[in-house]
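Protein chains: 4
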Amino acid sequence: MIRVGVFGATGYAGYELVQLLRGHPNVRLVFATSEQSAGGRLCDAYPCFDSLDLVRAEDAPLDEVDCVFCSLPHGASMGTVQRARRAGVRVIDLSADFRLATPDLYREWYRVSHEAPELLAGAVYGLPELHRDRIRAAGLVANPGCYPTSVILGCYPLARTGLLADGHVIADAKSGVSGAGRSPSLTTHFCEANENLSPYSVGHVHRHVPEMEQELARAAGRPVHVTFVPHLVPVNRGMLTTLYVCVPPEHDLAGLISLYREAYGAEPLVRVLPEGKVATMRWAEQTDRCVLSLHSAGRPGEFVIISAIDNLGKGAAGQAVQNMNLMFGLPETAGLRP
Amino acid sequence: MIRVGVFGATGYAGYELVQLLRGHPNVRLVFATSEQSAGGRLCDAYPCFDSLDLVRAEDAPLDEVDCVFCSLPHGASMGTVQRARRAGVRVIDLSADFRLATPDLYREWYRVSHEAPELLAGAVYGLPELHRDRIRAAGLVANPGCYPTSVILGCYPLARTGLLADGHVIADAKSGVSGAGRSPSLTTHFCEANENLSPYSVGHVHRHVPEMEQELARAAGRPVHVTFVPHLVPVNRGMLTTLYVCVPPEHDLAGLISLYREAYGAEPLVRVLPEGKVATMRWAEQTDRCVLSLHSAGRPGEFVIISAIDNLGKGAAGQAVQNMNLMFGLPETAGLRP
Amino acid sequence: MIRVGVFGATGYAGYELVQLLRGHPNVRLVFATSEQSAGGRLCDAYPCFDSLDLVRAEDAPLDEVDCVFCSLPHGASMGTVQRARRAGVRVIDLSADFRLATPDLYREWYRVSHEAPELLAGAVYGLPELHRDRIRAAGLVANPGCYPTSVILGCYPLARTGLLADGHVIADAKSGVSGAGRSPSLTTHFCEANENLSPYSVGHVHRHVPEMEQELARAAGRPVHVTFVPHLVPVNRGMLTTLYVCVPPEHDLAGLISLYREAYGAEPLVRVLPEGKVATMRWAEQTDRCVLSLHSAGRPGEFVIISAIDNLGKGAAGQAVQNMNLMFGLPETAGLRP
Amino acid sequence: MIRVGVFGATGYAGYELVQLLRGHPNVRLVFATSEQSAGGRLCDAYPCFDSLDLVRAEDAPLDEVDCVFCSLPHGASMGTVQRARRAGVRVIDLSADFRLATPDLYREWYRVSHEAPELLAGAVYGLPELHRDRIRAAGLVANPGCYPTSVILGCYPLARTGLLADGHVIADAKSGVSGAGRSPSLTTHFCEANENLSPYSVGHVHRHVPEMEQELARAAGRPVHVTFVPHLVPVNRGMLTTLYVCVPPEHDLAGLISLYREAYGAEPLVRVLPEGKVATMRWAEQTDRCVLSLHSAGRPGEFVIISAIDNLGKGAAGQAVQNMNLMFGLPETAGLRP
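Protein chains in written order, with my numbering: chain L, 4 to 341; chain F, 4 to 341; chain A, 4 to 341; chain X, 4 to 341.
Honestly, I wouldn't trust all of these hints.
The list treats identical chains as interchangeable, and a pair is accepted whether it falls inside one copy or across any two copies.
[Unchecked claim] Calculated pairs, EDC-like style, for lysine to aspartate or glutamate (alpha carbon to alpha carbon, straight line, at most 20 Å):
1. Lys280 - Glu253
2. Lys280 - Glu61
3. Lys280 - Glu305
4. Lys280 - Asp56
5. Lys280 - Glu111
6. Lys280 - Glu265
7. Lys280 - Asp53
8. Lys280 - Glu335
9. Lys280 - Glu121
10. Lys280 - Glu118
11. Lys280 - Asp66
12. Lys280 - Asp47
13. Lys280 - Asp255
14. Lys280 - Asp136
Hints were generated in silico from the structure; no laboratory data involved.
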C-alpha cells in the first residue's frame, strides 16, 4: 500500500482527491490537512459520512507517507512542497507553483517571487500523455491546470507533428463553477453565476496561458501562441474547450482523426470520438478521461477540435492520481474512472 | 411626482426596487444609498447602464424626499427609519425591524434590543390585502417578509372566517436563492446550492414565524401555530409555499375556492386559479402578484393550498411599491407587474 | 457470478442500473433490451463508451440468466415479468405492476386490468429495511417507487412502534427531473422545468400513494393516511421529502432520534443524522443510501422528518441491486455506494 | 394604433412577442394564431392570465390588420407571408424564409424549394443597424436569426470599414435553450441539457452561417468566411458570442473601441462597454439590446469581441418590434427594454 497525505483536503479538488484515494485499491490515506477545519473531521466540512481527521498542515506527519498531494492555492503551495521534498517524500502538486520552467516566468505571471526555485529544474509537468516516462521517475510532479489539460491534449497531436501551421491556437474554454474554488465570492454566488455565462481574463491574460504555450512549444519545437478566452458556465463540474486550428491544407478531416487516434490509441484516459460525433461536457462528467472530437471548419486546413474533461477529474484530482499511479508503478487507471 | 429615496440599493431587493421605481410613472428617485459602493454608480455594482449615483446613508438628503424605502439588514434598519421619521418622511421598511408588535417579541426572535420602540405602535404591517386602510394613512409601513407574504395570503381567507379548525397551519416553503441576499456565503455558493435542495431553520425556528402567527392570529381572533420549514431551491428568484390546513369537514373544495375568490376578487395582486390548475413558481415569476391554487388532500376538511410569489416582487420590492402607491393615493398597481 | 439481464436499459433508471451492474464484482450482464435502440449499442443511446449490445425484449435469452431486472413502464412490465417467471428466472421489477397487494387496488389506481394477478400473492415489496427475509427467498421482488422509498423509510420507525398518533402523515416531496423519465415532454423541457418549481398530482392522487399507505399500514397494524404533494425541482437527480408527523406528546426529539438510530442502526443504507444536522439532497446524491434528519415542529408531539435519497439510487437502481444482493446471498452493499 | 397580428403565438419567440405587443403603447393586437392551441386562449398554453383568443392561421382576419408577425418554423412561414403580402399587409417574418438573397441559396441550406421567390427581391434583412432606411419602407422584413444578430453586430464596424484583414471571423456562440424552441426533444430534455454544455452543427454547417456571411460580405464589399460553432448552454434565455478577428496591426484596442463607439453611438439598442469591462449574458438578459466588449488577444491586430443579446429579445421578438417601430414611424424603442 502506498501511504499518502493530502494537503488542502477541503477545497473542491482536494475533496475529490480524497474520494478517489479512499476508493483506491493500493492506497492508504495517512493524513489530510485543512487550515480552516483542522481539529474537525471531513464530515464536518462536507455532507458526507467520512470521519477522516483533519489536521493543520504543520502537524502533518511527513515521515509516515510515501507521497503527498498539495491541493493548496498557488503561492501557498511551494513552501509545503519544499518541506515535503526535504523530508524525502514524493510530491504531486496541484497548484501552479511548479508548472512553469523558470522563476522569472513564474514571477511574471503570478506576481510573486518563487520561494523554491531550486526545485523547478527537477519538477515534471504532470501530463502523462506528454511526459509519462519522466513522471515515473519524478520526485516532484506539477499537476497541470484544468484549462491547460483540455487545451494541450486537444492540440498535442498537431504540435508534435509540426502541423500547427501558423503556431497559433484559439482556445474558447467553458468551465463549471467548481473550477473557481470553494471560497465564496460574488462571482460564484448562485444568483450571479446561474442563468448567466461570463467570459473573464479575456485574450491572453489568464494565468494558465503560459503553461499551455510552454508545453505546446516544447512539443512543436517552436513558439506557439494561444489566444485564450475562459468562460464561467452554470454547471457544477465540467470543462469544454473549443479549439480553432490551421493545418497545412492537404490534411483532411479523416486524416486528422486518424492522426489523433494514432497519437492517443494507447492512452487509457484520452478518447477520440468517431467522425460525426460531437464531444459534450456529459461525455467526461464524473470521469477522469479527456474526450475529443474533430470537425471541419468549412475550408481546407481549418479545423475545430472539441476537448471535454471533468475539471475535477482529468482536470485536477483524477490526473493527480494518474500521476501517482505512474510514479509508484501501479496500473495507470487504478482507482480512476476511465 | 412622489420624491423617493432608497436606503440599501445594491442588495437584490434594493436593486429590484430601484428598477421598479425607475419605471414608475409617478415617482422621481432622488437618492440611493450603498455603504459598499458609495461614491460609485449603480452600474458599478450591477451589469446595467443606470448611472444612478450611490451615496452613503448618512449623506442621504432626507429633506428632499416624501418617502424612503429601507432595504437594509434587520437591526441596521431601525436607526435609519427613526432618523427618517424624525425628519417627517414617510417610510416603507423592508427589514424585519417593525413587523412585530412589541419590543419583547422582537428581542426574543432577533436577539437584539429594539432601538426605536416608540415607533412600533404606529407601524403598520404592510400587507395591503389585510391592512389597506391603515397603510393609506401610515407614516411607517413594515413591509412583510417574503415567506410571511406567501403563507399569510395563502391562509387569510380561512383565518378571518374562523375556518382554521385547529388553529394550525403547516407551511412547506421553497425559496429561490436571491432570498438569501447578495453577500457571498458557502450556502449561496453556486456549487453548494446548485443540484441541491436544502431545508433550513426547520420546524418553528425561522425568524419569519412570529410574523406569520401574529397576522394570522389577528385575523382569526385566536392563536395560530405555524409549523414552518423553508427550503433553498436552485433558482434565482421565486417562492412557492405548500400549505396544509384543516377546516370543518362540511366545506368542500368548490366551496373553499369560492371563499377565496370572494376574499380576493377585488384584489389586483392576488389571483386564485380555477379548480384543477396548479400554481407553480412560473405563474408569479417576474411579477408582483400572488397566485393561489387549492386542492383536496383526500379526506373531508383536509386541503392543500399552494401559494406562489416572486420573492423579489410581491415578496419584497413589488409589495413595497404597492404600499407606496396606497400611501400616496396612486393607483395600487402603478409601476407594477400585476 | 450471477448472470443477469436488464429489460429497459435506456431509460434513466435502466441506464443507472447498467452502470451499477457493470461495476458489480459478482455480476455478469448477459443482455440488455431497448425497444427504441434495439440493434444498436448502449453508446448509441448515451454519451458513453459502453459497447453493450441492445436487443429487443422478445429476443432476450431468458435461459441464460439467473435474474432479470425489468425497468419498463407500468403496464408494459407485467407481461415480461410473467414470461421471465415462467422461465424460472428470478425477477426484480422496477415498475409499479407488482407493488400493490391486489388486482383491484392496481386497477383502481392504474386504470388497467392486471394481466398477471397470479403472481401478486408471491411478489415481495422490495424495501429491504421492511422485508429483508422475504426478499431473500423471493422469486419476484417489486422494487418500490422513489417517493414511497423516501416516505416509508422516513416514517417506518414510528409506524411499527405505534407512534403515528393519528394515523396521518403529511409528505411534501421534491424530486429531480430524471424521476419523470427520459421521454421528452413539455413538463420536462429544460425551459419549463428550469427556474421553476412545480407541484403536481396534489393531495391524494399520485399513484405512489397506495404503496405508501399499504406499507405503513402493514407496519402500523392500522390504516395510515398519507397526504402527499410531489414537486418537480430543477435538478437532474435527487429527492427530498419533508414529513410532518404527530406522536404522543411524551416523546421528545432526543427520544425520537434514539428510536430511529435503533431502528436503522444495523442498516447499511439508511443513515440518521445527529440532532442539529439537516438532511439535504446533497447528502444522498450519487449514492444508494437514504439519509434522515429529525426536528421539532415547536409543539409537544409534533415533528418534522426529512428524508433524502437519490431517486436513481436508493429510489430505483441502487435499491434494485440491493434486492438482488439479498436474493443471491451476496453482501448487501456489493456494487453499491453506501 | 397599429393593428397587428401574430402567426405562431405559442412558441417561445411568439409568446415573447405577444408580451411586448401587449405592453406596446401604439399597438392593438388583433389576432394571434396557434395550430396546436386554436380554439383556446393564451392562458391555456402558458402559465399567465392573458385571455387572448388563439385561432387557426387560416382563420386569421388579415383584412383587419396593418402588420403581421410570422413566428412560424422555416418552410411553414413562406406561404403565410405570401398570403399576407397579397392582402396588402406589411410583414415581419421571424423565420429564415426571406433572409437569404436567392432561392438557390435557400434551397442549398434549407433543403426545400422556395415557394415565394417573387418576394425575395423586396424583402429587407431586418437588422436596423445595417438597413434602417430600407426597413422603414419595407413591405416584408426578414427578421434576423439570433446567432446572426449577435455575430453581425459584433463584426459590422470592422466589416464596413474594411478592417476584417483576412475576411475571416471565428464565432464561438453560446445559446440558452429557448433558442431551440418549445417542442420537446431529447436535446432539450432538462436532464440532458442541465449540467451539460453541447456544441452542435460544428464548423460551417449551421443554417445561420449563410446569413452571417451574406450580411458581412455586403458590408465589407468582399467575401467573408465565418467559422461558426454554436453551443447549447443550460440557461433559459441569453446568447453570448465570442468573436476572434484579425485587423491590420496598426490598430490598437483603444482605437477599435473608439471605432465601435462611433459606429454604434447613435444606436438605441447597441451598447459598447468601456475598456476593461466584459460583456456577459446578464448584461442583455430580459432586454432588447446588444452589449459588446472588446479585448486584445495578446498580439498586434488580434482581438476578441464579445457580443451578448437575449436570444428572445434583440435575437427575436425585440428586434421584430424594433423593425415594426421603424416601419410605422414610431419611436424606435417604443415598447422595448433598451
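So, going through the hints one by one against the coordinates:
no.	hint	in the structure
1	Lys280 - Glu253	neither (23 Å within a copy, 41 Å between copies)
2	Lys280 - Glu61	neither (49 Å within a copy, 30 Å between copies)
3	Lys280 - Glu305	within (18 Å within a copy, 31 Å between copies)
4	Lys280 - Asp56	between (45 Å within a copy, 19 Å between copies)
5	Lys280 - Glu111	neither (40 Å within a copy, 23 Å between copies)
6	Lys280 - Glu265	within (18 Å within a copy, 43 Å between copies)
7	Lys280 - Asp53	between (40 Å within a copy, 15 Å between copies)
8	Lys280 - Glu335	neither (27 Å within a copy, 39 Å between copies)
9	Lys280 - Glu121	neither (46 Å within a copy, 39 Å between copies)
10	Lys280 - Glu118	neither (46 Å within a copy, 34 Å between copies)
11	Lys280 - Asp66	neither (49 Å within a copy, 36 Å between copies)
12	Lys280 - Asp47	between (43 Å within a copy, 10 Å between copies)
13	Lys280 - Asp255	within (17 Å within a copy, 40 Å between copies)
14	Lys280 - Asp136	neither (32 Å within a copy, 44 Å between copies)
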